[in-house]
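> Starting from the known structure of chain E, fit chains W and D onto it as the hints suggest.
Here is how the chains run, residue by residue.
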Amino acid sequence: MLKKARKERLIWLDIMMTLLALALMSYFYYGIRSVALCGTCVAVSLAAEVVSLRLMGRKFKADDLTCTSDALILALMLPTCMDYSIAVIASLFSVIVAKNVFGGRKNMIFSPAAAAYVFILTSWGSKLLMYPEPHTKLGAFEKPETLVHSASYSFNISGKLDFTDFEVLLGNFSGPAGAVSILLLVISAIILIFRDDISAGAFLGSMIGTGLFAFIVPVGHSREDSLSYSLVTNMVLFASIYIIADRRIAPKREYFAIFYGLFVSIFAYTLVLTTAKENAIVIVSVLFTPVTLGFKNLEKKIALAEEEELLMAAKLVKSEETEPQAPAEEAIVNE
Amino acid sequence: MYLVNDIIAFLAANLILSQALGTSTLFVAADSKRKLVGTACCITIFTTCGSIGAFMIRKLLPSEYADLTLLLYILMIGVLYVGFLTAAYFINQERFVNIRKYIHLSAFNCAVIGTLFTMDQKAANNPALFTMKEYVRFGFKAGIGFITAALILTAAFRKLNSSKVPSSFRGGPAILIYLGIISMAVYSLK
Amino acid sequence: MNERKTSIFDGILGDNAVLSGLMVISPVIICGNTVKTAEALICTFSAITFLSVLLGSFVPKKLPYTVKVIIYALISSIVYIPVREAAEKFYPDSITRIGIYFPLLAVNSLIILQSEAKFFRMKKPRMLASLTFYIIGFDAVMLLTAFVRELLAYGTIRSKMADVNTLISGLGEPFGGFIFLGLMCGLYRKIRSIARKEDNTRGDLNVSGK
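Chains as they are written, first to last, in this note's numbering: chain E, 2 to 336; chain W, 23 to 212; chain D, 893 to 1102.
For reference, chain E alone in the conformation it holds in the complex (with noise of 0.2 Å):
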């Protein structure tokens, strides 16, 4: 028990260092405010944890600050210049209705961070899909004269990103400030998944559902562009690392991670064919959460199975040792 709480913390501790560095990328390209914008959900999802916890009648313990890790996922995939009133609405609602209601943090149903962008989506999806340009430098509250579509925007309409590369590996183009940072990013999944902090199994079945499809059919006319450019744009890669892999959502198993993932990038990637969603992937994420349930009950009946399985063989075997002299199909019909 007290091994498992110890890597609860250590992983929300190796989440929080790579959110940290996305956070600092989003400083770098847009300021101040960026960070004023994160500071400001993990301070108000703070707050509303502390008090909805003794609410509920519990204390406040090291493992409840994963509700921090949350405020920064959910930040992070807003655009910097997103008012902060809206921001302090959303980390409230992730925190109270999309956690707690339920449990908190030992039933989770939803990734709190993906509820509350589904949230702001269905009240201020103009506000929240709109994004000022990188190097837009922004003090703490200031707004940027111009905002632009991101760089999703344009690769769902059109089928192609006017960036280099590099630019795109660096996250030189306009989207959510934390989701852009393509190499980073990479950086961190191969971090978080060889510490095993997040579902490798889930992770590589959004990734190869988004591919394979993003090969078979492209968005645009070449399949090179949109196996590339579907895994970086419309938040795929960030999603598919901080919500569908996280390892309080996705199945335990991990070959039912991967079909969790599969079935979720697949349907987040047909709707960007075919409706031009932007970051379809964290609205389905929020919708298939029926489906991982579902995956979940399986496991446990799985488990369940297993153990009386075991049981079985223990008490035979247990059977067999106190009476040698009886026949072994007597001591199973008595079983």
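It is worth saying that the hints were derived from the structure and are not from the lab. Don't take each hint at face value.
[As the list claims (entries may be wrong)] For lysine-lysine, the following BS3-like pairs were computed, each having C-alpha atoms within a straight-line distance of at most 25 Å:
hint : chain 1 : residue 1 : chain 2 : residue 2
1    : E       : 107       : E       : 302
2    : E       : 302       : W       : 186
3    : W       : 212       : E       : 278
4    : D       : 1010      : W       : 57
5    : D       : 1089      : W       : 123
Since we're looking at a predicted model, the values are computed, not measured.
Relative to the frame of chain E, chains W and D by itself:
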């Protein structure tokens, strides 16, 4: 490819997720998984057969007596109600006591009556839909939608009723919020 | 005396039809997003439910359950006809907006299920009082929901502009209704459990005082 869009359209037209029809029934049936699925199947039969009756009523009722539509629908569903109970009794007397519960729960509720009125509204907006085939199709689809919602709920049943959920939110309120978030995701795809 | 009083008033707080029984929630979720629509719905719901349960109480109790339920539904659908005509005169716009949820009021759980399980087991005067409070309970929830949702989603109160900086338009949508009602139910249960705990402690103190 188009299957995904069909799934989205199907979810977007879902009785419970988009119109909250039959939500109260869902809660009454949410006692157990078996009851939930049983009631959902029963509601599908009611919406499908009811849509045939609704079409006949709409066709035969003169427009000046349109106010009587609800009364006639209730009468028709009452006939179906008695008919299904009788059929269930004669088909399997041993299981009648169990099946009876689902029929009682499914007969008069918003899901069934709401489906009939929604179809009427659609047919009024688009006369091409005023055919028996379309009515039956819509009735069946609505029932399947209810089954889908029941399955969505069944998947989270254990978690929503877990002792880890705060006692004031356990069960009903958690179910409402869960359905709300799923409905929100469906809405954002529209 | 005290016990009798609480059971009559249960419909408002102790056993609210919407928040406790989760009954008649579709109109609250869908139509409870503006005060004007809520007002129209409240008036029609109150009239249909009160008259239907009152008339339904004259149905012989010896009839089989199925027959009784069909008769209750038929009564309410008859009551619905004049109520609809009256509502169309008083709230022409709101009735159009309520749409299919208007006839659905006639088959609400309070008439179909609760009348048999609760109201018809009481004596008539008590039944009428209890029913009135159940209806008031629904009306209060409907009005409160509509007020908050209209204010936060559209920034208006009865279609008049209010000073709200950040509007949450999603709250006016069906999913907003689900989430808001879920939160209200949870809050209601919490308050109720605290109130009951306090009552029990007071009761215990009285007993020990004796």
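> Would you mind marking each hint as holding or not holding in the structure?
Verification of the supplied hints:
no. : hint             : in the structure
1   : 107(E) - 302(E)  : holds (19 Å)
2   : 302(E) - 186(W)  : holds (20 Å)
3   : 212(W) - 278(E)  : holds (10 Å)
4   : 1010(D) - 57(W)  : holds (23 Å)
5   : 1089(D) - 123(W) : violated (35 Å)
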